[in-house]
Each structure stands twice: as structure tokens, then as C-alpha cells.
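Q: What follows is the residue order along each chain.
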Amino acid sequence: MAVSRKTLSINEMRFNPAFRFSSERDPGLLTASIRESGILSPLLLLEDAAGSFDLFAGFSRYRIAADLGIEETPVRIVAHGEDSGRAFYEALLEHLCLRSLNLMEKVRVLGIMEMLGVHGRLRALFLELLQIPDQRPVLESFQSLAASPASLHAFIELYQPPLKMVEPLLEWNPAGLDLLMQIADSFQLRPVETLEIARLAWEAAGRDGETVASCLEGTGIREWILPGDPVPRIRKIQLLKQKLHLKRHPRLSEWNAELEGLKESSMPPPGTEILWDRTLEKPGLEIRSLLGKRTDLLRLSEWLDSERARRALGDMFSVAG
Amino acid sequence: MKRTAAASGPAADPASAIRSIWVDEKVLDYPLTRRVLRNAGPIPVEMLSSGAAQARMAGLSPQEGKRTLFLTRHAGAGVKSCPGTSDPYLCCGYRVINQMGQCPMDCTYCIMQGYLDSPCILLNVNLEDMFGEIRRQAAENPDRILRFGTGETGDSLALDSLTEASADWIEFFSGLPNTIIELKTKSVRIENLPGLKSKNTVLAWSLNPGEIASHEERRAPAVPQRIEAAGRCMEAGYKLAFHFDPILSFPGWQDRYLDLVDGLFHKIDAGRIAWISLGTLRFPPHLQGIIRRRFPKSRILDEEMIRGLDGKMRYPRPMRTAMYRLVADRIRLHSRDVFLYFCMEHPAVWESVLGSAPASNDELDSWFTRSLSERFGSFDAGGHP
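Top line first, the protein sequences correspond to chains W and F. If you're matching positions, the first sequence starts at 0 in numbering that gives the first Met the number 0 and goes up one per residue. If you're matching positions, the second sequence starts at 0 in numbering that gives the first Met the number 0 and goes up one per residue.
Hints may be right or wrong, so weigh each one.
To be verified - 30 angstroms max Cα-Cα, derived DSBU-like pairs, lysine-lysine: (1) 296/F to 240/W; (2) 311/F to 242/W; (3) 281/W to 311/F; (4) 296/F to 163/W; (5) 311/F to 240/W; (6) 196/F to 79/F; (7) 105/W to 163/W.
To be verified - Which stretches of chain F does chain W cover? Using the computed rule of at least three CB atoms under 8 angstroms from a CB of chain W, they are: (8) 55–61; (9) 303–315.
Hint data in this document are derived by calculation from the structure and do not stem from the laboratory. Cβ atoms here follow ideal geometry from the backbone N, Cα and C, with glycine treated the same way.
One chain only, chain W, in its complex shape:
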């Protein structure tokens, strides 16, 4: 690998956050070591066509050196090309000894690999290191993730969901995603709640051929995400789910409303419930009654014999039976 080694002033290096992968380790020990012995392991720099140097690996050492007022540090310099890819691989390997990368960091690594023109065997090594299967759908998901709005990136950074979990969001347009993220933020949704809302909105939008954003807008959500809205968050989540469900299942909602009306009209005695599968897939009605006293049994049998109950239950059965 054609790498030049020398010392360089830290003022000549550019701190490019795109290349930074935080190690999250306690800098105390490293600071003490550098204060006592200076920087022993050279910083890795990437030289661009104009002769400028981007810091490539060794961000903690760079920061500590700057804080301690060290002006010159040993460096290894690589130029763009196969060598820079190899050097990046080694830096990443070293980093991965300290901690694994999260999803967005993997997206960044893939972006850097592309920028450095990594291909062939080295690319395969990178993918193995990142534990990313070399499969087109997976790589396309990473590409979509890279192109997705910053609000989604922030969501992922915050909750660290796995790729599988966020994949459904990658097909959303930016407006829809931004609105979803606003809702998640305003309602303090956990990832699983966010993704459930996402799924409901996506299905409801698909049904009407709307975009997800306009579907969500159609629920009147803008008014609920205003700061200071007094409705409790649990209630807001329930209402939003109901509205999306209604959009997704208009007929089912209608049939269930009809069943509710018939149930009311049958006037079951206290302690008696009429239940049915809300998807109507499991046919039939379930009548559940708490018989605490002998009179409860009498009341139940009188009700079942009544014309009102028979008619209502018959009508209910023709929908749910």
C-alpha cells in the first residue's frame, strides 16, 4: 500500500465529520498517555487532488492533541484510490475492535466506500466487516436510507432500530416522512408505535392512491401536534389509529358500526356482552353473560326469548355469521 509517513501540523488537517466514527470510550487514559508520550500511533489522512488533507482516522487523538496544544503529530497519508480504500478498511477494522457501528454509520461507511471507489475483493471484505449481506435488495435499502430525509436519520440515531424495522419507511416521500417524524416527536412515540402508525398510514394511503403525507394531513393531525394541545398523548394515538383504520377499512368500519347499532337495539341485560371478531373473518357471535344470581339466569333467558333480541341477533348474524 503506497502510504507516506511524516509529521504534519494539525492546522493543516481538515476535520471532516463524515469520516468520524465515535469510539465512545473514556478519553482520560488516552489523554494521559498523549500528555506523557505524545502521539505514538500516527493519524491517518486522506489527500485529495488539490493536496489538502482530510482526517481519516484518529479523531480522538486529534482532539486531544489540539486540546493539549500539540502542534505537530505523526501522520500516514494516503491518496484517493485502492490504497485509500485499504487504509479506510484498516481504520474501520481498528474502530470495530472498540465498538460496532450503528445503522446510520454503516450508511456512511457505504457512502465513503463509494467515494473512494472501493470494489471487488476489498468491497466484499468491507461488507463482511459491516455484516451487510451482498444482496441487491439489502444494498438498495441502504441506498434509500442514505437518500432519506434527515428527520428519519435522527429517528434512527435516537432509537437505533434494525434495518428490517425501518425498511417500510424507505419508500415514503420526504413530506410524509417529515410529518411522521413530527408526530413521533410530538406524541413521544416509541419506535414500535411509530412504525405501527406508519404501517396504518401507508396502507390507508395506498388504498386511496394518496401520498402518505396527504393521508396523514387528512386526519387533521396538524392540529394535534401543536405544542400545548391538552389532549393526552395516549388518547391522541388512539384517535389517530382510529382515523387511519377508518380510511383503510371503510366497509369493515361500516359493518362494525351496523353491528354496534344492532347490539344496542337488542338491549342485552346488565352483565351480558355480545362479541364478534372485528375483522369478521371468524364467523359467529359470542354472547357472554355473568350469572352472579339465579335472577340473572332468568333475565338472560327472558332476553333471549324476546322478539327484540331475536330480531337484532338474527340481523347481527346475517352480517357476522
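Once you've looked at the hints, dock chain F against the given chain W.
A: Same frame as chain W, but now just chain F:
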């Protein structure tokens, strides 16, 4: 058989979509491999180890996969009971011959998009292994009529101009009296069929209204051509079957399905139809994402759906019942005794639409046998009735 050089119009040969053939180096000497290569004409052929083929497949898009035919062989015999679905839905006891995986046609609703690992069209050339397994199953069930089909994980005739496999199957099954082979297709390339004689072959076409076929069944021949091809096979003496599956809900579906049923019975003698199946759209939930990604303009996901008791997405039961009732009543108007069954349906739907439901999958299988014996007599091999 001559293969159409390039797709041109709806009657084009689906096999003309194939742009490259990969051959697993282990199957080079199989007779079916040699036949395909003989029929391949100018299509480029590459020999690969199965490992290399797997690696190449990983990089193929679904579109590229549908243009690549991979000749290989099963690790096992590849003859299994139809995976069907779970209780309480009823399944018919069909036996699936997994000779082919994927298909050159590209239907938006195709379950194979999410079911098979390979984007390529796989053709398992180890016919003798499959024959052995079928012989074994037939011998183990001497008192039953076993229904087998090659059209579950692929289309039975789509690549017939390359494989000529229809003849292999028809000839093989003609020697097994307690079996039926169903060759299920959307293709109209039936040139290999008329000269063959078999009493226990059923040629089956899946049908949907033209509006659906043109929008949701890419590279599949137009529906009138399918019915016409079925008519030619009927004239050649074959028994037929039709699959209204998936029945789809879309604006104006009622009239379109009624027209389709009328059009079918206008051309086809009901007395030659061994069975008709009905099934509304259903699929595992993960297929939704695949369909949306691959076919953003498809409308099949627009309709209201629920997650069924087997976990599959379906229209709500009252909707399905109404759809089946419309189609089944129209079929009954044309024929009172053609055998009608539902694919993966709830007994309550059977009851509502047909007035009774089999008590179990085995009973449904016995209904098939009874109907076939009553309507066609013996299904023994030895020429057409």
C-alpha cells in the same frame, strides 16, 4: 417446435423473454438439459457451478431474473403436498411438482415474488427423480385419485417451446391410472400438445377479465387467446380446468367477471371442464412491500383487506362471499354440474355460496374424486374418452 424469436403482441411465446441460460455443471448430461440447449437457438449459454450461480443470482434484479433460465436439479424429489394454508381454511389436497421455480411472465399478484429465493427461473431437469417420487406416492394410495400439477411454482407451459416438458409429463402420467396431471398455464403456446394422447391430463388456464390481465399480468397472453387455446385443446380431446384466481375487486368488477364467465362458456363445452376453482386475492403480508416496490402503478393493493386467520391478507369475508356468489351463480347458470371449488377458503364461505362445505380437506379431496368419476367415468390411461 419452433420458438418465436422475439415477443411481438400478446400471442408471443413467453419463452422468448429468456435472454440467457445458465447450466449447473452437474446437470449437463441430463436429457432435458440437452433438449433445452438444442432448442435454445441463439440464447447465450453459460456453465456454472451451483455456488457461482448462487453468487450471480444475488446480484440479479427481478427483471433480470425473469430473463435468465437456470438449469439445475433438486436436492430431493421436489414433489410435495401443496403448502396451501392453515385451518380453518380448506385446501384441496393437490400435489405440487416443483419442476420450475419462477416464470417469465410477471403478474403483480404473483406469490412467487416473495416465496422463492431465486430471482432466476429455475428448471429442475432431474425428471427421473420426480417420476420416481410420483410413482411411489401413487403406489401408496391405490384407492385414491391423486391430483398433481406443475403449475404451482411456475407456469406449466410458459417455457414449453424450450423444454417440451409437457410431453414428458403427459406420457409419464398416462402410465399411472390413479393419478391426474394438471398443466396449469396462462400461455397459449400449445403446439406440443395436440398429438399427445392421455386420459388423465387436464389442461388448465387461469383467467381474469381483460382489463385486469392487461394491467396486472405482464407478458401474459390476452384472455380471449387463452380461451381460444383451451378450445383447441378441447377439440384435440383434452379435459380442461379453469382457475378464476385471483379474483380481484376493482371498479366495475361485477360486469367484467360476468362477461368473462359468459365468454368462457360460449367457447368451451361445460361437459369437458373437469373443474373450476375460485379464489380471491390473498398473500402473505410481506408481499405488499414487494408489490408496491416492483409495481408502483398496480391497483391490486388499493382495496380494503384484512389479515385472515391464517395470517394472509384477504378481502373481508362478506366481500369475498359477494364476489364468489356472483361468479359461482353465473357459472351455475351455464353448467349445473361442473365441479366448483374454492382455493384456501373458509367453510363459512363455502356454506354461504355453494350451500355446503366439506368437513375437512380429505372430504374435499373425495368430492373431487366423486365428481370426476361421475362426470368422466374412469380416469385410467389409454386415450381420450
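Q: Work down the list of hints and note, for each, if the structure agrees.
A: Cross-check of the supplied hints:
Restraint check: the Cα-Cα separation between residue 296/F and residue 240/W comes to about 26 angstroms, which is no more than 30 angstroms; the hinted pair holds. At roughly 24 angstroms between alpha-carbon atoms, residue 311/F and residue 242/W fall within 30 angstroms of each other, so this suggested pair holds. Pair hint residue 281/W plus residue 311/F holds up; C-alpha atoms about 14 angstroms apart against a cutoff of 30 angstroms. Straight-line distance between C-alpha atoms of residue 296/F and residue 163/W comes to about 24 angstroms, which keeps the hinted pair within the 30 angstroms bound.
Proposed proximity of residue 311/F and residue 240/W is supported: the alpha carbons are some 21 angstroms apart, at most 30 angstroms. In summary, the hint linking residue 196/F to residue 79/F is supported, as the alpha carbons are separated by about 26 angstroms, within the 30 angstroms threshold. Between residue 105/W and residue 163/W the CA atoms are separated by roughly 14 angstroms; this keeps the pair inside 30 angstroms, and the hint holds. Figure legend: the stretch 55–61 of chain F, annotated as covered by chain W; annotation consistent (4 residues with Cβ-Cβ distances under 8 angstroms, at least 3 required).
Restraint check on the stretch 303–315 of chain F versus chain W: 7 residues with Cβ-Cβ distances below 8 angstroms, three needed, restraint holds.
In this structure, every one of the numbered hints holds.
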